[in-house]
Each structure stands twice: as structure tokens, then as C-alpha cells.
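> Listed below are the residues making up each chain.
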Amino acid sequence: MNFKMDEKIISKEDLLKICQDVIAKGHTLLTPGMNEYFPVKDISQINLNSSALPAKTSYKSYVFPRSEPVLYYKRSKDDVQLIDVNVDGKNIIILGAKPCDTNSISIMRHLFNWDYSDEFFNLREKHFIIIGLMCSHYDEYCFCTSVGSSPVSDKGSDIFLIPLDENNFALRIITEKGKEFIEPYAEYLKPGDETRSKQVTENVKLPEVVFDSKEVYEWLGENFESPKWEGIGNLCLSCAQCAFVCPVCHCFDIVDEDYSYSEGRRMKNWDGCQFGNFTLHASGHNPRDIQSKRYRQRVNHKFRYYVDKFGEILCTGCGRCSRGCPVSIDIKEIVSNCKESV
Amino acid sequence: MEELREYAKELLEKKEVAAVIGYTQVSENRTKPIIITDPADASKLVFNEYCLNNLSVYLTKARINAMCRTKDKIMKLAICAKPCDVHSIVALIQENQVHRNDIVIISFNCHGAVKDFGYEFSGENLASKCITCETHKPLYFDKIFGEEKETPKASDAALARIEELESMTHEERFEYFNNEFDKCIKCYACRAVCPLCYCQRCITDKAIPRWIESSSHQRGNFSWNIVRAFHLSARCTGCGECDRACPMDIPLSLINRRMAMEAKKSFSYVSGRSLETPTLVGSFNEKDSDELFM
Chain A
1 MNFKMDEKII
11 SKEDLLKICQ
21 DVIAKGHTLL
31 TPGMNEYFPV
41 KDISQINLNS
51 SALPAKTSYK
61 SYVFPRSEPV
71 LYYKRSKDDV
81 QLIDVNVDGK
91 NIIILGAKPC
101 DTNSISIMRH
111 LFNWDYSDEF
121 FNLREKHFII
131 IGLMCSHYDE
141 YCFCTSVGSS
151 PVSDKGSDIF
161 LIPLDENNFA
171 LRIITEKGKE
181 FIEPYAEYLK
191 PGDETRSKQV
201 TENVKLPEVV
211 FDSKEVYEWL
221 GENFESPKWE
231 GIGNLCLSCA
241 QCAFVCPVCH
251 CFDIVDEDYS
261 YSEGRRMKNW
271 DGCQFGNFTL
281 HASGHNPRDI
291 QSKRYRQRVN
301 HKFRYYVDKF
311 GEILCTGCGR
321 CSRGCPVSID
331 IKEIVSNCKE
341 SV
Chain B
1 MEELREYAKE
11 LLEKKEVAAV
21 IGYTQVSENR
31 TKPIIITDPA
41 DASKLVFNEY
51 CLNNLSVYLT
61 KARINAMCRT
71 KDKIMKLAIC
81 AKPCDVHSIV
91 ALIQENQVHR
101 NDIVIISFNC
111 HGAVKDFGYE
121 FSGENLASKC
131 ITCETHKPLY
141 FDKIFGEEKE
151 TPKASDAALA
161 RIEELESMTH
171 EERFEYFNNE
181 FDKCIKCYAC
191 RAVCPLCYCQ
201 RCITDKAIPR
211 WIESSSHQRG
221 NFSWNIVRAF
231 HLSARCTGCG
241 ECDRACPMDI
251 PLSLINRRMA
261 MEAKKSFSYV
271 SGRSLETPTL
281 VGSFNEKDSD
291 ELFM
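Chains A and B, in that order, are what the protein sequence lines are. Numbering-wise (the numbering used here), the first sequence opens with residue 1 and increments by one. Numbering-wise (the numbering used here), the second sequence opens with residue 1 and increments by one.
These aren't lab readings, by the way, just hints derived from the structure by calculation. Treat the hints with care, as some may be off.
Some chain A residues close to chain B (C-beta under 8 Å, calculated; not the full set) [said to hold, decoys possible]:
(1) Tyr-62
(2) Arg-66
(3) Cys-239
(4) Ala-240
(5) Val-255
(6) Gly-272
(7) Pro-326
Bear in mind that the values here come from a model prediction, so they are computed numbers and not experimental data. Ideal Cβ placement from N, Cα and C applies to all residues, glycine included.
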């Protein structure tokens, strides 16, 4: 896309006026809270704080719901009738998305348009408008800079905000979609000052680059049978917290739910590769029968298989999986120490 | 701390145990579980107010038990356990999942733990279970470390919440829990961290017939969380790990604690307190109260 980025300045007050209008028009406006991105009911709930900790979960569930019907069915004596599901293409505006969340959709897009084009994902994505916000949070779990992103990256955003001072933001229009969204509100935009915004972004403390993803890729290829996996497998308790809070993990399971003998629906539900029954075959054989093999799969999928298949790392470096792990397994630590001996 | 490390080192060197399951420091306010097999690594062990994990969950893992089986003998397993974690171990022994003689319990005089990682230890940030804790000294142990210290005082907010829920009507309470369970994403972290969720195959993983829908919609979430509460009734020892592990902050321990209160009131039974008594659900007494039957 040959879209020329444009930078403006907007006051917080005017930005909130836009939000008010978005809500009044019946669109869904999501903004990050402590635990999740939530639909804003009143603009007083909006907290555009660039130094906030990433919400415990990303907005993944709005494009790829944790559980949704993909079709309904009716059975009669000698026929099965299938009924399509209508996905609502409701506009969703995400305000204040962290840079470690903004590119999640574009990473997942590869998978949902690979051997089969997932119309549910695509339709929802089409109605997404992502307004990213520069991030000045930094803790021991952050590693966005090691996976090719950065707290000041506007990748994946349609519009990107940089706080200039307490009341003003630099507003970068990144995509055509972003331009279309902001155009009706042109009256609120003041001419931009790129030297000012650059000054802000240059002063942001960047997470240290702790590993070279190319080296990790190589190491994974050569160390499928490394004894390291066993050590991690002994500690990991096989829940899917890591996969479900991950902004880019996308595995799902298809199950049929019968309401009665004659009626039911087919569901698409989140699934996680750390579950023991994730790869359990009907025969009873399980190719990933022990936890070490399952953890190895998780790391390989993120840093090797996805790169092979789609050319991108399946990780945004947000650190959610490690922050929330009940047994404090830190993926950043595992990947960055991969070369060290056991 | 040095004594603990020395003791662990000695156990490993003398080959009395195959491994020591303990805690190691990650950062100032955070520890993580560690499984030590090399005596040289015993120096990594710590014990402090930030040792939150209930490590007894590892005792029933096949891969951990496999470490104990060498060619010529079966070795013991040493485990670092807070006094409240010892309750879980007792419950596991009562339920014949662990043999007392197979493990070495290394315990501590405990004066409370912090409610979650990232908080400074204080009365205000005390873990909910520590507020009403009566076992600062473990009921069973093979070795004990640490000095006895006063637990910071804090008010029992969870009990106040339970009482508040009790005062609601059926419908209001149903709505409250439905809203809470609605947040559930079915990551099963609650099940994974629970020492008493040791089933080889959980009922929720059974597909033929499917008792609990795997979808995380309202019905699926409600049935999962209620079934888990039933399965833990009079078994849960109140370690609070499910609360801590839940990424969606569902107050799971409110239900478990309420069920434990019921077991105490109706049957004078508290889970995980005595190796001599049979479990409540595993024993029958004709004098038991019938009041709970509908």
C-alpha cells in the first residue's frame, strides 16, 4: 500500500469528543483496562496512559472469539439441513492499543487466510480500526524489541498516538482506513510537528534486545532433542493460560453441540497446545504424549515453524504468558538462554 | 536459608532423595518452583514470604515420580512445603495418591505470604488464606526451618464477601456467579495448579459422552466451574492457588471456602488436617447429618 503517513496534533479533550461520537454512532469502542480490553460505555472510563501495564488479555477475542458457532444443523430422518451463521460486521474501534498488540492481527491473518479463507476472521478484521498508543511501560517480561517490534512502533495501527504532553497527542495517520476514520473529525486536528513527536519517541526507554531471533531459529532447528525441554516440561503444569492470554496464539477445536436429537450447532473453541489431549488421536496414540514435547512445540511454533511458513515470528514480545504463568516459566528467558548448557 | 540449602544438599549427596522440589528467587518479589537433582544446585533454594506456589501439585505427576525409580531402588522425593501446603500433602496421602514414606517434607515456620507476585509483603498485601490461618507451624514434617514470627494483621475481606453473597436471594447469587464465570476462558489453569485435581483424565476432557461442554459460553463455563467446586467439596484445603492462577480473576476460592465451611459445620471435618482420619467423602457414618440431602 502506497499510503503517505500524515501527522497531526490533537488535544485529549478533542480525542474524547471523537470517542463520544463513536459511541453515539453505536460503534464498539474498546480500550485497555487492567484485565482486558473492554467496551467503553462512558468516556470517563478512558485512560490513555502510555505507561500502563499491558492488560492481562489482548483484544484477540474480538476478531477470534473464544467460542463461537460456525453453523447450525437440523437432522431429520434422512437429511441434514445446514444453517449458516451471520457474522455481524460491526465496527470496532480499539483505542490505546499497545504496540505489542497492534501487529497481532496482521500476524494471525496469515493463518486464517492460508489453506482456507476464514470469512469470520476476515469480516471482523475488516471492521477493525486500530488506534495504537506509544508505550512507555517496561518490565522484566517485556521483549518486543527482540522480536522486531518496539514500544514506539506504529506497525499494525491505522492511527498511532504519541503523547506530547499531558493534554496533547501527536496523531499519525498510518493507513487509508485510518484516514477514512479520522476525516469526518478534521476540525479537531491541528497541524503536526514531527520534531516534537520524534523527541518523545527517542526518549522512550526501549526494552533491551535479549536474543537474536535468527539465532533462536537456527538453534531450534538443531536442538529438537535437547535435554532442556525435559527440564521445562517437568515444571510446566499443562494449562493454557499462556496460549489464551497470547495475542497471536490461534489454535482452535471444532466440536458439535447437540441441543436435542434433531438440532445442534458446530462450535469453534479456543484450544491450547499445552493440553495433554490436544494431539490425542482417536486410536489412543498421542504424538506429544509428555509435557516436554508440548512445550517444545510451543517454542518451535512461535520461533521456527511460523517463520518457515509465513515469514513472521508468532510472538509480539508482550510478555503476558510469562507474567501470568502460575509456575513462572519465562519464555524470554528460555529463548535467550537457549544456547547455554543445561 | 543456609541450613535449608545444606540439608537439601546432604539429602541429594547421600542419595536419600531423587530430587528436591523447592523455590528459587526470580526477582526481588518473585520466586518460582525449581526441581533440583544436582547437589550443587541446592544453593539456589530459598524460602521467604514470596514462595507462593503450592508445590504439592508436583507430587502426583508421573514424570516427577519417574525420577524416583532408579534401576535398583525407589528413592524418595523431598518437597518444600509451607504449613498450608502440608494440608494438601495430607489430603493426597489420605486419598492414597502419595505415600508418607515416599516423601521428605521440608517445612517452615510460616508467618504468611504475599497475595501475588509484584506486591511488597505487608498486612495489606497478605494472601487471603493467611489472614485466618491457624497453622503457622506445620502439622507434619521431617525437617523444619525458620523462626516463628508474628503474622501481620489484616481484615478477612473474603469472609465478608461470602457473608454478603449469603444474604442475597438465590437469583441474585446465581446472577453474580454467572457473571463471574462468564469471564472464564477455559484455560484450566485452576485445574492445573490444584494439587487435588490429580485425575488422570478430567471429566471435562471426556467426549463420549460429553458431560461438560468444552465451549466457554455461559452453560459450558457454569457447568465446568460448578462441577469443579463439587469435586473439591470437603477436599479443598484452601491453598488459594486457583485464585492466583486464574488469568481472568474469577474469585474461585469463595466457592471452595464456602463449601469447606459447610463441611466443617455439618460434619466437623476440615480437609487435610489429620493422617489418622479417613476423608469425609470416602467414609460413611450412619450418624452423619442428613440435612444436606435434598
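> Of the hints stated earlier, which fail here?
1
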